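So the chains spell out like this:
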Amino acid sequence: MNNDYVFKFDYATLVLTASDSIAMPCNANQVTAGCTSERAWITLSSEWFDIGVNYIAVLSPVNCAANYQTTAITNASVRYYKLDTVWDIDTNNDGIVDSTAGTTDTAVDWDKGWTCMDVPTSFNWQANTSVFWQAPSGTW
Amino acid sequence: MPYNTVIPPVFVQDVAVFYIVDSANTGYLQFYKWNSISNFFELQSTVQASASTVLSNWQTTTSLLRTTDGVIFSEGGVATIYYYETLTYTWARSTVTVSWGTMTSYTGTISLVDLVLRQARDNWQTYSTAETTIP
Numbered sequence: 001m002n003n004d005y006v007f008k009f010d011y012a013t014l015v016l017t018a019s020d021s022i023a024m025p026c027n028a029n030q031v032t033a034g035c036t037s038e039r040a041w042i043t044l045s046s047e048w049f050d051i052g053v054n055y056i057a058v059l060s061p062v063n064c065a066a067n068y069q070t071t072a073i074t075n076a077s078v079r080y081y082k083l084d085t086v087w088d089i090d091t092n093n094d095g096i097v098d099s100t101a102g103t104t105d106t107a108v109d110w111d112k113g114w115t116c117m118d119v120p121t122s123f124n125w126q127a128n129t130s131v132f133w134q135a136p137s138g139t140w
Numbered sequence: 141m142p143y144n145t146v147i148p149p150v151f152v153q154d155v156a157v158f159y160i161v162d163s164a165n166t167g168y169l170q171f172y173k174w175n176s177i178s179n180f181f182e183l184q185s186t187v188q189a190s191a192s193t194v195l196s197n198w199q200t201t202t203s204l205l206r207t208t209d210g211v212i213f214s215e216g217g218v219a220t221i222y223y224y225e226t227l228t229y230t231w232a233r234s235t236v237t238v239s240w241g242t243m244t245s246y247t248g249t250i251s252l253v254d255l256v257l258r259q260a261r262d263n264w265q266t267y268s269t270a271e272t273t274i275p
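Top to bottom, those sequences are chains Z and D.
Numbering of the first sequence is given in my numbering, commencing with residue 1 and proceeding in unit increments.
Numbering of the second sequence is given in my numbering, commencing with residue 141 and proceeding in unit increments.
It is worth saying that the hints were derived from the structure and are not from the lab.
Here the structure is a predicted model, which is why all the values come from computation and not from measurement.
Heads up, the beta-carbon is just placed ideally off N, CA and C, and yes, glycines get one too.
Incorrect hints may appear among the rest.
Stated by the list, open to error - If you only want the chain D side, here are some residues facing chain Z, beta carbon under 10 Å, derived:
id: 1; residue: ILE160
id: 2; residue: ASP162
id: 3; residue: LYS173
id: 4; residue: ILE177
id: 5; residue: SER196
id: 6; residue: THR201
id: 7; residue: TYR223
id: 8; residue: LEU227
id: 9; residue: VAL238
id: 10; residue: ALA260
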């Protein structure tokens with residue numbers, strides 16, 4: 001991984017083969033200016049990153065709704081990426097989904113697959129313990 | 141504290157592999173094999189894994205991953221990625237190459253010196269109850 005991408009590798013017989021790259025999310029300002037020049041949302045470091053079966057998760061020091069150079073950062077967030085996400089296809093890099101070019105011109109969704117959840121700044125865990133320890137009926 | 145174990149140990153079948161850094165800032169891989177008679181992990185081999193002294197941020201830049209027959213080791217500041225065989229207990233080291241496959245646009249643009257590898261999680265939902273099955 002580096003600060004811009006997570007790569008998926010497959011391993012076999014002494015070869016790590018890159019099979020996919022996952023772009024780290026940028027907001028509109030950063031897409032314009034370039035993710036590397038104004039990166040403020042996620043600094044990807046291995047200790048803030050983990051891989052599950054269906055998702056990767058990255059801790060971010062910036063809350064979900066923060067707007068670059070506009071709003072104050074209120075809290076941290078966790079960003080999830082669903083690993084089986086099928087990206088919009090934009091082979092000519094014009095920002096328009098290829099299949100819609102010239103007709104409806106649907107913009108490429110750069111954040112496709114990503115979900116953001118704010119980490120609460122404070123939470124009364126004690127009062128809510130039963131919520132977490134009590135299994136939903138019939139589901140476990 | 142003379143030795144630090146910060147990188148989680150990796151288990152490959154009946155072998156446990158630890159990465160430790162000693163007080164001289166040298167990193168070692170320690171290979172333990174399960175002794176099924178006495179029921180404990182027995183130290184089989186210790187090899188220096190770091191090329192020289194480790195980086196100050198080695199805790200977050202060292203990669204130790206499990207494969208079906210060995211471990212993959214990569215350290216920050218070193219471009220070469222290594223594989224250590226554990227299946228036949230030789231602990232033999234080989235070099236792992238990186239192929240960018242369909243991601244060839246990244247060839248040469250990603251610094252392997254800074255590449256940190258993380259293990260993808262096994263899909264435990266598809267585990268077999270047969271103990272001989274390797275996930």
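Verification of the supplied hints:
1. ILE160: violated (18 Å)
2. ASP162: D:ASP162 check fails; min Cβ-Cβ to chain Z is 22 Å, beyond 10 Å.
3. LYS173: Violated, because the Cβ-Cβ distance from D:LYS173 to chain Z comes to roughly 23 Å (cut-off 10 Å).
4. ILE177: violated (33 Å)
5. SER196: violated (14 Å)
6. THR201: holds (7 Å)
7. TYR223: holds (6 Å)
8. LEU227: Given a least distance of 13 Å, the restraint on D:LEU227 is violated.
9. VAL238: holds (5 Å)
10. ALA260: holds (5 Å)
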